[in-house]
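The task is simple: from the sequences and hints, build the whole structure.
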Amino acid sequence: MEFKEYYKLLEVGEKASADDIKKAYKRLARKYHPDVSKEPDAEQKFKEVAEAYEVLKDPAKREEYDQVRAMGAQGKGGRFSPPPGWESATHFYEGGGHSDFSDFFESMFGRDGGFHRSYAGGQQMHMRGEDVHAELALLLEEAYQGCEQIMQVRVPEVDERGLISHRIKKLRVKVPAGTAEGSVLRIKGQGGPGLGGGGAGDLLVTIKLAEHPLFSLDGKNLTLVVPVLPWEVALGCKITVPTLKGRTRVSIPAGSQTGQKLRLAGQGLPGNPAGDFFVVIKVVMPDNISSKAKALYQGLQEEVVANPRAAWEEKA
Amino acid sequence: MTSNEIHELVEGMQEWSLLELCQRHLLDADFIVACVESGIIEAGGLAATMPQAEWRFSAAAVLRIEKARRLQRDLELGLGEMVLVLDLLDEVESLRAEVSSLRKRLQHWEHSS
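Just so you know, the sequences run in chain order P and Y.
Heads up: the first sequence begins at 1 in my numbering, then just goes up one per residue.
Heads up: the second sequence begins at 1 in my numbering, then just goes up one per residue.
Mixed in with the good hints there might be a few duds.
Distance ranges between label pairs, derived from CB positions [unchecked claim]:
| hint | chain 1 | residue 1 | chain 2 | residue 2 | range |
| --- | --- | --- | --- | --- | --- |
| 1 | Y | Leu89 | P | Lys188 | 25 to 33 angstroms |
| 2 | P | Asp103 | Y | Ser112 | 50 to 58 angstroms |
| 3 | P | Lys174 | Y | Ser112 | 38 to 46 angstroms |
| 4 | P | Asp20 | Y | Ala29 | 48 to 56 angstroms |
| 5 | Y | Arg73 | P | Met71 | 30 to 38 angstroms |
What the hints contain is simulated information worked out from the structure, not anything from laboratory work.
Using N, Cα and C, we set each Cβ at its ideal position, and we do this for glycine too.
So, in structure tokens, the structure goes:
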């Protein structure tokens, strides 16, 4: 396994004081914490920083780490194996914290979890398993119609020694129709295993909707911008527009303006109440016009007396 | 290996009690109570007038309290600071969603010729 250069990861020198280490951790944690950071690889970077801090903040662990480091254990080609007979005097327990420190960390300070958790309940060993979180990205159509998806989820597993490790589990899941962005769904019993006859935890799934090429989404409301020709809005017309349910006919009233919104009540994402579908009118000019058409425009120019910029001119 | 079993995702259906939340999320009851009292999460009703044994937490509340715990632990925040950070993160998230929705709509109106 790879030797971890904890000082480098925390961007401090090997003589750094406890205070410097704490400051460095706080600075890097703010930068890379997955809940606040937009940096690429924030999660991975934060894990490394947290692991380095876990060791360097604790004088006993730091001393052990320094010893192993001084022994040149990082030796051949950067590969690390603990010195023969190595056993840490410190012991690593975590209370619902970081459960995936590196192999390097585990080889030095032991594994977390298992025993701590299994004995935490004293005599009543009966304990339900942990709930596990995952995200599921869907297309708008999939969320609207409901769909089946295969998800890969990282779930904890208890081995024969009672230690917790993780594995990737594939699950075939059914998403109900009308699932909204950010909603949290769950599957019973697909989380971590229970202890002492306690049931398994649940899987909690947060739904993320991908951007749609035509529709923009605002809560449960959908908006579609519809290009129309000048005479279509001048005279009124019926046009066909795509919706999530398929195509539908919409009446554009005569005299409609660009930017005007028409509401198709209840045609947005389902729910209680369901969202609406908005058609926004966008007047567009045809690309190539003939000289005859141009003459007709000239006729319009002479016939229609209007100034769309009147508001500015009054002020000037 | 994918089993052929199909698991149905359900919304809201069940809720967590305070005890379940402690056990299944390895959370400290004092921490959960502090989160409810400071308004970070809701306990399914007027928490102040309900016995704690009747508190019920939704899946969304569960994810939120986990986030609160991560922030508090990893950034070593005090309760007040954590409430502020969560509020600001919520605001950032909703503004980001709004900006992206408005940008998307703007794409349909603006283009260079």
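To see whether the hints hold, each was checked on the structure:
Between Leu89 (chain Y) and Lys188 (chain P), the C-beta spacing of about 30 angstroms keeps the proposed range 25 to 33 angstroms intact. Checking the proposed 50 to 58 angstroms range against Asp103 (chain P) and Ser112 (chain Y) shows it holds: the Cβ atoms sit about 53 angstroms from each other. Lys174 (chain P) and Ser112 (chain Y) have their C-beta atoms about 45 angstroms apart, which keeps the hinted 38 to 46 angstroms range intact. For the pair Asp20 (chain P) and Ala29 (chain Y), the supplied restraint of 48 to 56 angstroms is violated, since their beta-carbon distance comes to about 36 angstroms.
Distance hint check: the CB atoms of Arg73 (chain Y) and Met71 (chain P) are about 32 angstroms apart, consistent with the given range 30 to 38 angstroms.
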